[in-house]
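There are 4 protein chains.
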Amino acid sequence: MSTFGKVFRVTTYGESHCASVGAIVDGCPPGLELSPADIQVQLSRRRPGQSNLTTPRNEKDLVQLQSGTEHGVTLGTPIGLLVKNEDQRPHDYTETDLYPRPSHADYTYLEKYGVKASSGGGRSSARETIGRVAAGAIAEKYLKTAYGIEIVAFVSSVGKIHLPEALAPPSLVASDDDEDNDDVDDAISAEFRQLLSSITREEVDKHPTRCPHPATAEKMTQRIIRAKDASDSIGGTVTCVIRNVPAGLGEPVFDKFEAELAHAMLSIPATKAFEVGSGFRGTEVPGSKHNDAFVRRSDGSLGTKTNWSGGIQGGITNGEDIYFRIGFKSPATISQAQDTVQYDGTPGTLAARGRHDPCVVPRAVPIVEAMAAIVVLDQLLQQDARKTAASRLPPIKTLPPTMVMPPKRV
Amino acid sequence: MSTFGKVFRVTTYGESHCASVGAIVDGCPPGLELSPADIQVQLSRRRPGQSNLTTPRNEKDLVQLQSGTEHGVTLGTPIGLLVKNEDQRPHDYTETDLYPRPSHADYTYLEKYGVKASSGGGRSSARETIGRVAAGAIAEKYLKTAYGIEIVAFVSSVGKIHLPEALAPPSLVASDDDEDNDDVDDAISAEFRQLLSSITREEVDKHPTRCPHPATAEKMTQRIIRAKDASDSIGGTVTCVIRNVPAGLGEPVFDKFEAELAHAMLSIPATKAFEVGSGFRGTEVPGSKHNDAFVRRSDGSLGTKTNWSGGIQGGITNGEDIYFRIGFKSPATISQAQDTVQYDGTPGTLAARGRHDPCVVPRAVPIVEAMAAIVVLDQLLQQDARKTAASRLPPIKTLPPTMVMPPKRV
Amino acid sequence: MSTFGKVFRVTTYGESHCASVGAIVDGCPPGLELSPADIQVQLSRRRPGQSNLTTPRNEKDLVQLQSGTEHGVTLGTPIGLLVKNEDQRPHDYTETDLYPRPSHADYTYLEKYGVKASSGGGRSSARETIGRVAAGAIAEKYLKTAYGIEIVAFVSSVGKIHLPEALAPPSLVASDDDEDNDDVDDAISAEFRQLLSSITREEVDKHPTRCPHPATAEKMTQRIIRAKDASDSIGGTVTCVIRNVPAGLGEPVFDKFEAELAHAMLSIPATKAFEVGSGFRGTEVPGSKHNDAFVRRSDGSLGTKTNWSGGIQGGITNGEDIYFRIGFKSPATISQAQDTVQYDGTPGTLAARGRHDPCVVPRAVPIVEAMAAIVVLDQLLQQDARKTAASRLPPIKTLPPTMVMPPKRV
Amino acid sequence: MSTFGKVFRVTTYGESHCASVGAIVDGCPPGLELSPADIQVQLSRRRPGQSNLTTPRNEKDLVQLQSGTEHGVTLGTPIGLLVKNEDQRPHDYTETDLYPRPSHADYTYLEKYGVKASSGGGRSSARETIGRVAAGAIAEKYLKTAYGIEIVAFVSSVGKIHLPEALAPPSLVASDDDEDNDDVDDAISAEFRQLLSSITREEVDKHPTRCPHPATAEKMTQRIIRAKDASDSIGGTVTCVIRNVPAGLGEPVFDKFEAELAHAMLSIPATKAFEVGSGFRGTEVPGSKHNDAFVRRSDGSLGTKTNWSGGIQGGITNGEDIYFRIGFKSPATISQAQDTVQYDGTPGTLAARGRHDPCVVPRAVPIVEAMAAIVVLDQLLQQDARKTAASRLPPIKTLPPTMVMPPKRV
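Protein chains in written order, with UniProt numbering: chain A, 1 to 410; chain B, 1 to 410; chain C, 1 to 410; chain D, 1 to 410.
Incorrect hints may have been included.
Heads up, the list lumps identical chains together, so a pair's fine if it works in one copy or across two of them.
Unchecked claim - 25 Å max Cα-Cα, derived BS3-like pairs, lysine-lysine:
hint, residue 1, residue 2
1, Lys-84, Lys-6
2, Lys-219, Lys-160
3, Lys-84, Lys-141
4, Lys-289, Lys-160
5, Lys-84, Lys-60
6, Lys-305, Lys-289
7, Lys-387, Lys-141
8, Lys-144, Lys-397
9, Lys-141, Lys-397
10, Lys-144, Lys-387
11, Lys-6, Lys-387
12, Lys-289, Lys-219
13, Lys-289, Lys-228
14, Lys-144, Lys-206
None of these hints come from the bench; they were simulated from the model.
From just these sequences and the hints, can you work out the full model?
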């Protein structure tokens, strides 16, 4: 369905060529300062036409707040918001309409609904993500104001162009092929952990690919241009870090933090893969090396020495940086001719199509950040309910020491 | 929370050492023949003590149906079911209780709840999955009876031991390092597609590792034994295929088929990664090669020539085999001593612990199958509601041909 | 929260003086012919300024469809819709703002959210119901097209002015005071059942009070005018019938048909009471007289001779007319001065206020119909899922005859 | 479905003659002292066989806690609980099985599910409410411990036998028939408000009818015995008060406090009517008299002088006593012969049946209390999430005074 979240709830609407796309954000904490500019900044990072790497469809995507705020402050009531579709051009029926586009949603939408929007991707269009990004910006404003939570996503690969090994997420580090060798050279590289702890959106945006390593970014640009010039497309991965999330978020057993994150990320168009922390790489590292030993932080709280866990243990955040990686397939829309069949099975060649993004990952960055923010706030509110309720109970003095948090060492 | 699903809904309860673990299954179609044996078969594949590769905790895990059936037929009302915990031994407080186990849920459960079960993993224990497996077996019985849907999971890697390249899921096929080389040798290998289309549980169970390739299975066994002998642990991946799923399942935009699958899979203990279809590999293959061209099947319906999509396009099933891969980290519980700190920050060494699974993937196989079955049935029921409702409307004759499924070619 | 429904889901937004009010309707069956006019007709019945009995706030309330349809046909994707607030006048702070309005939501909204809209009722304003009415009109269009379901509400009382006894809902029929007399004169009067089975919206709308009995309607008018002239207000009841609902709707145990109806109705502003079928009156009628004996209908199906049950038995519809009654309190907003206290507890007199509806029940009629339609469609889709799923199972031949529907008599 | 609640969630299972009935309670605050005795006390008040006024089916209904607590303290994880059905006798097929019982759920369950339990009411049996009562007792334990919240229900009428007017809920006070007389003699009687503020379960339980007025209770007993002796049944009403609920609970617009209450109450078997505060009576009292003027309480907070609102304004609690009334129809199961038709339409006489409750309201008292407790806790947790989240935001200093709570008078 088109609603995400249990307590902080986002419901979206809109197709590629209808009057507007938008969302209703329900459950936003009241008393939060919120202006359209807070939202616009992320919409502008998402909008097409930012560089020569993206689709020429150029829309300003200006958000209009409909409700839920007054004098720039949230009321706690639903926030209605919309962005007009400037491009509502009528669609001329052409021979290409006889063909379901390969790996696109034409065929499956018709199988599902029996009817579909006449042109463009309809609801499967990436324009649908505008509502998410707007809603995510609201969640993020709260998280930043109340907790200093920071969410930064960046492009970690385009095609076969990856960040250098030292900066790469665990699964992108080349694995030793020696099956008997359990050595893990440096757990997770210090450079990568440093990148996670310090990367900012400003740094990410310095290059149109949104890859924070200039040399790699340049190679990625070339790769995207090569795809574009070939009327082809190419995929990539986005890595995201969430900093300063308090310990205790995540709702076992089905709504573990990583399960909600995975749900959120795999709901973004064109995604095919998700991993958190050590991810697929963590399947190859023995427990004795993969376990994150605890350490005492300077403030007396516990942290972990390594962070293979990606900030989540037992489905619950532990206070360390949360990081994860998402794989976006190469876009299905390409302007090459394709040999395929028509809806009725007639073989033929689907002729070249028009404008499209040769690579979606640069524009996917704010979408990933938005969905992450929605997940964190929704989980945070659920945990707030529990902690607040528990805090009203008298202390239980009779429990065995194995059941409660031992007192801090003085 | 402890409920999964919207229309077919599974709610579970139970810790590692309480009286029982179990589930309530709500929304099961009425009129389905269902006996405890239908459920027991998967519980027995999940239970510990099946081979020398698993934990010595040996419980029979016999399911007791409490409600929702009569004369071996489902009534459509909630099915209550439980499995007694044979092992409810009291826990003696020892020095090890001063330590949160690294990468385990001890610390995060205390941060979340302020209190935790005195021994074992409590709710984070793998015993929690019994309710899922039982519920999944019910879903599966329906899917098989009504549609002939088949769900088969198998172990595709243990540590660095992978299936041979020809049989491997896309991401496990070694990637050409030449960044300028877009060639994809054989799309997805014919052997792998053949494996997906034919693998059975009987074949999977022939080897205790549940890897369907005997030579690889043998190497996996050695790898697990090496971990066991070293008081260590090792992770692995499980690959799963779902066959004969009708086109049209999945609820865009937030509850796309792959998003629900990812949510379900990442809610299984010890999972860190998920990919569907081409997964992370699909990010490197240009759209022109990654797109699944349509073909006309012998029955006149459309299929796809390749299946990089993994049976899902636009978040909706297309009728092709659905396949996905899940990464399970190396278990946190190891019997080696570990240098870490106590809850209060005091550095020390957590002494060796007792019994555990050195590798969970063989026993994870039925859990993956169960969660997959729950997702498919829940999505199927939602689509049934839509299709049935739409079927009662008069045909719309005025729609442009771009909006409806063109007539089949005769 | 601001979402109602499980499969057919309505999410609304909007305060009394923000930019617009609206809704997202998710889960609408695809392929339904739907035009703005289908929605406008009910919005116009709801809008203020229809007669001298309502508030002078005069807004046209024109609906704008944003998404989810094309060429006048629903796509199955979310339908975004909005109605602009013409009246967004700034609020001047006056002494009256020192007072929480008695029986209004000023005080409780501040207690809940800590902040509230500066003027008018904010989210507690009746303008919030616009989204419901629009969504309900969509549900109703489906129900009428697919099933011929008819939903008609009417005013059954204003203050102490009730429909004549022969036409009155059961609880409005004067009860015999003789505690030992179990006689129920005529079960439910034939006139009342006739009214339920035949009343149309056209008849209801013949009089501005929306009471279908002209003489009573005239008395109601006088009663409302008396309240208006006295700067006072008066309440009333609305009775609603739903015809042609198939048997089998309602989701025991918590989402029984009447439980969902009650939830829906008590969510309408100013409601304080709900009863279905015999309602409170049914508590006084002995079972032997209250039980609805079955009869064979001309088409061979079963009906009931009487209909004390109001078309619902065991929480599930039985195919008979569903009827229920809702009590709306006298509006809290009156233009008399009121002795009360300020927020800080200072006693004083809240001066007269401006425009308001002296009686809301005439305008409540389309709101009640809308919420009823939403409930019916949501339940219908849930039952469609079940029936369709069950229909795919092979017949169970071994069940005892007590467990299945006996064959129809030929 | 069989789950109630959003954050505090109760899922039940069980038919009348299956192995057990029970529930899973998810979202209970951790750290609450909870013993089986806390639950048993309400189960025992609900169980049959307490007096000669109830069904002779005599079961002890002993609760068995399965999970979610240790050492008598809740862990915050799901609490599994079950009560064995002692009575699982096989059902002999008799001629009565040819008949759907009038006003019972036989017919509608078959229409809904196509199959039903062979004997008794199956899932429509009142035994289903055991899970609710157990879950409600847990909610209540929290509410009492953390807030001193008290929930007391009592029988306010049986058939035509009502509490004396001075003690009666508003709608049971005889209305002046003079349509032009707006006088409301004493708003809500002081005696009734006194009863609400002081009634205890001990007082309620002094008489087997659970009516707190001895003389009326005696008349009720006679009325029930008259029904029993006549092989008939009789209905009644239950009134319930909830004291010490903090202001601010209820989730506009669809999940207003009264909407959730109504949903909960109308989900109890045999209920047909619900009213809160002034209820249907409030429709007849002009706003000027119905409005609850605010007063300053001794602690400086605001209260209301009268309480027509029943403690809820704008769908949100205001801190005053919450009171409501539920109508239970006369039980459908009677042991008289009834003229009706068989499933196949053949007219005939359904012969006398066995044991049943001639009147359910005395046993309904703990069920009403349970559902009330579940609603309050679920709403409380949702509000806790909001308030806690809002409390972390910096104060907004620029809002106009109409938008925030004015400072308290010193």
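Hints violated by the structure (numbers, ascending): Violated hint: only 1; rest satisfied.
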